[in-house]
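**Student:** In the order they appear, the protein sequences are chains R and P.
Take the first sequence: its position 79, counted from the start at 1, is 79 in the working numbering, and no numbers get skipped.
Numbers given in the working numbering equal positions in the second sequence, counted from 1, plus 84.
The reader is advised that the hints may include incorrect statements.
Taking lysine to any residue and the SDA-like style, the derived pairs with C-alpha atoms no more than 20 Å apart in a straight line are [to be verified]:
#1 R:K27 x P:P320
#2 P:K565 x P:Y549
#3 R:K2 x P:F611
#4 R:K27 x R:I37
#5 P:K300 x R:G33
#6 R:K27 x P:G399
#7 P:K565 x P:G576
The following label-pair restraints were derived from C-beta to C-beta distances [said to hold, decoys possible]:
#8 R:L51 x P:G576: 29 to 39 Å
#9 R:V48 x P:G576: 25 to 35 Å
#10 P:A288 x R:Q20: 25 to 35 Å
#11 P:D200 x R:V31: 47 to 57 Å
#12 R:I7 x P:T86: 52 to 62 Å
Hints are computed from structural coordinates only; laboratory data are not their basis.
Every residue gets a Cβ at the ideal spot worked out from N, C-alpha and C, and that includes glycine.
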Amino acid sequence: MKKRTVIIVAVFILLAVLHQDEWNWDKSTLVFGFMPIGLAYHAAYSIVAALFWALVLKFGWPSHLERWAEGEDIRATEGDSGAS
Amino acid sequence: MTSLIIIGIYLCLLLSLALASKRLFRGTSKDYFVASHSIGPFLLLMSVFGTTMTAFALVGSTGKAFQRGVGTYGLMASSSGLIHAACFFLIGIKLWSIGKRHGYVTQIQFFRGRFDSSNLGYLLFPILVGLVVPYLLIGVIGSYRVMGPLTKGLFPNAFAAYDGSLPPWLIGAVICGVVLTYIFAGGSRAAAWANTFQTLVFMAMGVLAFFMISQKLGGLGAAIEQANAAHLVRTPSELEVTGKAGSFIREVGIPPLMFLTYMFIPLSVGMFPHLFQHWLTARSAQSFKLTVVAHPLCIMIVWVPCVLMGLWATGVFSATPSDAWPAPALGIMKGLPDASVGAVLSLSLKFLVSNPIIVGLVTAGILAAIMSSLDSQFLCLGTIFTNDIVLHAAGREKFSDTQIIHLARGFVVAIVLITYILSLVLQKSQNVFDLAVWSFSGFAALTSLVIPALYWKRATKAGAYACILAVVVTWISFFAKSGFGGEYTVLGGVMPVAICFAAGAAAMIVVSLFTKPPSKETVDKFFA
Chain R
1 MKKRTVIIVA VFILLAVLHQ DEWNWDKSTL VFGFMPIGLA YHAAYSIVAA
51 LFWALVLKFG WPSHLERWAE GEDIRATEGD SGAS
Chain P
85 MTSLIIIGIY LCLLLSLALA SKRLFRGTSK DYFVASHSIG PFLLLMSVFG
135 TTMTAFALVG STGKAFQRGV GTYGLMASSS GLIHAACFFL IGIKLWSIGK
185 RHGYVTQIQF FRGRFDSSNL GYLLFPILVG LVVPYLLIGV IGSYRVMGPL
235 TKGLFPNAFA AYDGSLPPWL IGAVICGVVL TYIFAGGSRA AAWANTFQTL
285 VFMAMGVLAF FMISQKLGGL GAAIEQANAA HLVRTPSELE VTGKAGSFIR
335 EVGIPPLMFL TYMFIPLSVG MFPHLFQHWL TARSAQSFKL TVVAHPLCIM
385 IVWVPCVLMG LWATGVFSAT PSDAWPAPAL GIMKGLPDAS VGAVLSLSLK
435 FLVSNPIIVG LVTAGILAAI MSSLDSQFLC LGTIFTNDIV LHAAGREKFS
485 DTQIIHLARG FVVAIVLITY ILSLVLQKSQ NVFDLAVWSF SGFAALTSLV
535 IPALYWKRAT KAGAYACILA VVVTWISFFA KSGFGGEYTV LGGVMPVAIC
585 FAAGAAAMIV VSLFTKPPSK ETVDKFFA
């Protein structure tokens, strides 16, 4: 597995774990004076999730699938480039 | 009455937009089914978001926050931000490449090809329809929850039996009629245009309701200060509500295991037939980029205000119930875990924001959220029925292009009628949020079929059948135990979806390993 894929999977798992936020479970502190921390945390989580996927698209975009979809034989291409 | 006129104007605007899109309709079955070929990134985002967020988002989330508290957002919204985008990225883009390379249009075409089995389509079809119908019911029943309380007393003579409010049979007929009209007019292009318009409307109106209600409660700070304290944390507790008829105890908060296993439910987007169709037929893979990134943010824009409004309502509806409150308000004040919680948003609006123009605009926004989900589902079921059942069995050459469109429309009308009748029968017994969760759970559990289909070359036809049967058996069993649509957990809080998914995945892996692998030809066809 490529190093980039490993990093993406690791961050994904970390985000899934952070979603549980046990430490906020019984807190009712208000953020900005109107938003319970349990809600503010998860609203911020949504923003972090969007940023994470933006980075995945930038660094992990499956361009090989686009070429394959257009009819290119990926394995043959990769074999050729490997041989050269 | 002013509110009702505004809603009427909104419906007319929607129909005008759809009729405008008809001018672009080329009259061919291909254009009717897959205008997605011409849908760009923004329309795709609005279409995907609009169809995913139904009454479940606006009406259901507010009601659920009123029932369970602040954890409602984490339960569905933030986890969806992570999981939905993962499905778009991992399942959507891969499906797009396969659809583009081999010309697949529908979900069933893909599975038939991947597992080299025609009968798999006949097995999947009733399951998909069976799961989509509750999804449709969420929308139609949601419209009753909103419009009923809003119009109470407006028609004392015409609808005396309904406390002077518009009766459900009329609300359902209008909503279904409008949606049918615009998808008949322009097919999938009209649905995409209408979705975009409606998604923008319901996002804007949700924010408007949020600010208007908060103003009436004395500002954002004052609004949350008057909310019930038990609803501001996720810790489970019991809340005693005292009313004229005595005291009621209800559960508040979210058990930890439930919170954890709810993360399986957003997987449902990986198997929704209408999204599958979008992925298989999108113009280019690049179209997905905006949807992957913006989807979590769009969810946040809609859900944060809705959850806050649900929390505020715990303070608003905390006084001793009296005759001044309408029946649904009494129901929600008692905290009954039934259909009445769906009325929290519209009742808050009606009692706190007396301006009929604002009430009309926000109600139009809620109806927009509902209708933007119905259209794509109706259309998609028509597409699947026509392409995967009739044309597949009888042969495409036996039908003209016009006949194919008529077939699709006929099936859509049948589904609309079934949904309409079921919604009238079930309207009083079903909580919109819980019913949605059961529908989503079924689709989520079936992602144990699509993930191996896309990423595991060793996944076999027998494995696919075993997977589907395992999901169906476990889902039906839990659904029956829940009383056919109520909130239900097992093993101290585990959501049934986690077990249905695990059963499907285990069946797929074990049976595939013990049966003949797919041919080299199949593997070469589906794996880059």
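**Student:** For every hint, state whether the structure bears it out.
**Tutor:** Results for each hint:
1. With a CA separation close to 12 Å, the supplied pair R:K27 and P:P320 stays within the 20 Å bound.
2. At most 20 Å may separate the alpha-carbon atoms for a hinted pair to count; P:K565 and P:Y549 exceed this at roughly 24 Å.
3. A C-alpha spacing of about 18 Å is found between R:K2 and P:F611, which places the hinted pair at or below 20 Å, so the restraint holds.
4. Using a Cα cut-off of 20 Å, the hinted pair R:K27 and R:I37 holds, with the two alpha carbons roughly 7 Å apart.
5. With a CA separation close to 17 Å, the supplied pair P:K300 and R:G33 stays within the 20 Å bound.
6. As the CA atoms of R:K27 and P:G399 are separated by approximately 19 Å, the hinted pair is consistent with the 20 Å bound.
7. Distance hint between P:K565 and P:G576 is fulfilled; the C-alpha atoms sit about 15 Å from each other, no more than 20 Å.
8. For R:L51 and P:G576, the hinted distance range of 29 to 39 Å is satisfied, since their beta carbons lie about 35 Å from each other.
9. For the pair R:V48 and P:G576, the beta carbons lie near 30 Å from each other, so the given range of 25 to 35 Å is met.
10. Hint check: P:A288 to R:Q20, Cβ distance near 33 Å, so the stated range 25 to 35 Å holds.
11. At about 54 Å, the beta-carbon gap between P:D200 and R:V31 stays in the expected band of 47 to 57 Å.
12. Between R:I7 and P:T86 the Cβ separation comes to about 56 Å, which falls inside the hinted range of 52 to 62 Å.
Of the numbered hints given earlier, the model fails hint 2 alone.
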